[in-house]
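For the record, the sequence lines run as chains A and B.
For the first sequence, the residue numbers in this note's numbering are -18 to 254.
For the second sequence, the residue numbers in this note's numbering are 12 to 316.
No lab work stands behind these hints: they were computed from the structure.
All residues carry an ideal CB built from backbone N, CA and C; glycine is no exception.
Among the clues, some could well be false.
Derived coverage of chain A by chain B (criterion: at least 3 residues anywhere in the stretch with Cβ under 8 Å from a Cβ of chain B; other residues may be distant) [to be verified]:
1) 33 to 45
2) 69 to 80
3) 85 to 93
4) 176 to 187
5) 199 to 213
6) 218 to 227
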Amino acid sequence: MKHSISKWVLPAYGALALLILMIPIGYTFVYSFNDSLKSNITWRGFTFDKWLNVCNVQNGAVCEAFGNSIFIGVVATVLATTLGTMIAIAMVRYRFKFRSQLSLFLFLPMATPEVVLGAGLAAQFLSIGVPKDMLTIILAHTMFCISFVVVAVKARVASLDPALEEAGRDLYGSALQVFLRITFPLLLPGILAAALLSFALSFDDFIITNFNSGAVSTFPKYIWVSAARGIPAEANVLASAVFILALIVVVTVQVSGAARAKRLEKLHQAGVN
Amino acid sequence: MAFAAFSTTAAPSSSDSIKKKSPVALLLLLPGILYLVLFFLAPLVSLLLTSFKVPAEFGDIGEFSYAFRWENYTDVISAYWPHILRSFGYAITATFFALIISYPLAYFIGVKARRWPLLQSLALVMVVAPFFISFLLRTLAWKQIFSDESFLVTSLKAMSLLAPDAHVTGTAFSVIFGLTYNFIPFMTLPLYTTLERLDVRYLEAGSDLYASPFHVFRKVTIPLSMPGIVAGTLLTFIPAAGDYINASREFLGGTGTQMMGNVIEANFLVLQNFPAGAALSIILMSAILVMVSIYVKKSGTEDLL
């Protein structure tokens, strides 16, 4: 008897924890359909209106902030993914002095609280007299994304079979050809995962942005500023739309990954037989 | 996508033999390293320099000149010691609760759900799902769920489980709750990645040798999942100690719950007292570095970093 109860404790506990994790997501989604006025606190009835006219509120301030966040996210992701991938390749493939010191140095930005990173950059921009605007946000976001890109891509480079590149060189491929035709395509899934992670980090960042944005608004900053006087339901609409999109991407990646693993397994079995 | 950053460990060292020395390495490393020197290292130095600055003699508010006024540090400590203590108190409490909540969850996903891969992936997607919705909005959702007029609070008061004049938001409870909630995924993912690789035959061996389930858990499961515990607690504690969203008045906090992040933000962005904000940042970072290195030493997982 005791045994059958204890068998259910863990699954029930896990389910409860997952349910609590979902509550704010459900809340945000449900309130995106609220027929609210200026602030979106009490339930006033169901409407699709906010989804259909997202940009109508406050002369499109929400959408402008949202657009800025996407622009900053894309530019910072391209910069951070390029710089981070180069570091990751060098760290796995080449021997050089001060390797372990470099690993520690790359780890540090991830271990520093965001408020310190933000304040540090603000102090630096202040002392060299750089005005805070879109550029300073992009510079800041690129900085904190690089380390995450290095970690994510490094694993992919390490799992790459060097014999494939050797084969390319044996067949008289130039260094550039080997990189473009063999190395890069094989690394691409890892690079894409790193880019997605870095975009997500940049898109949702508030703390570092708040210190270095001046008058520029981003989506999280818009929510922060409007929190005092009430956040319009349109913000919930945009956040829910991003959530659904991200969910689709993750599920697609998972499903296609599983399908590819199955296909490889089949190929392997065919080869063995 | 977020799994990738947490789950991957260092590259296997078996490939060392094929590593070669080449000027190409320098070319690949230089741009990124230079970028981090300019926008990570230099800002920390400039934070340190700013923390010793004094107000400019004939300047406006917010104008400071270089000096070596170490009293800036004693000033901010005497002015903000409650915030400093609160930051670490809240962060440690939230880390503790996140571990208590996440460990059984991660154990369920990583060990018990192994037989059902679909359930496992679904649960994992649910763990990372909060990352896909704005941090600020999900914190505000809790604020509204805990607000005085909310269904939850009014029903608790109707059942006399809460005093009629009590508030939930603006208290230490709601700030710690928010911190715990927001960092649960950071705790669960590294725990999951170590527990997923846990060989259950060790647990069976333990119980075959007549160890009680509790004993097996303490002597086998916990030591084997130590890397995940250390990674998870660090990924929770460091951002929680520096967070100022949960503790801010517009979110889950009140005047009596302000943390170091709140006063750093106020000194930088409102009061324009940059030296005070910088000194507080340096104190926060050094305190975290000291605590983390002691913790990593004590838990015997130095080689993880």
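Okay, the hints, checked on the actual structure:
Coverage of the region 33 to 45 of chain A by chain B is violated [criterion: at least 3 residues with CB-CB distance below 8 Å; count 0]. Using a Cβ-Cβ cut-off of 8 Å, 8 residues of the region 69 to 80 of chain A lie near chain B, which meets the minimum of three, so the contact claim holds. A count of 8 residues in the region 85 to 93 of chain A with a Cβ less than 8 Å from any Cβ of chain B is obtained; the coverage claim is therefore met, three being the minimum. For the region 176 to 187 of chain A, the assignment as covered by chain B holds, since 5 residues bring a beta-carbon within under 8 Å of that chain's beta-carbons and 3 suffice.
Counting residues of the region 199 to 213 of chain A whose beta carbon lies closer than 8 Å to any beta carbon of chain B gives 7, which reaches the threshold of three, so the coverage claim holds. Coverage of the region 218 to 227 of chain A by chain B holds in this model, with 5 residues showing a Cβ closer than 8 Å to a Cβ of that chain against a need of three.
Of the numbered hints stated above, the single one contradicted by the structure is hint 1.
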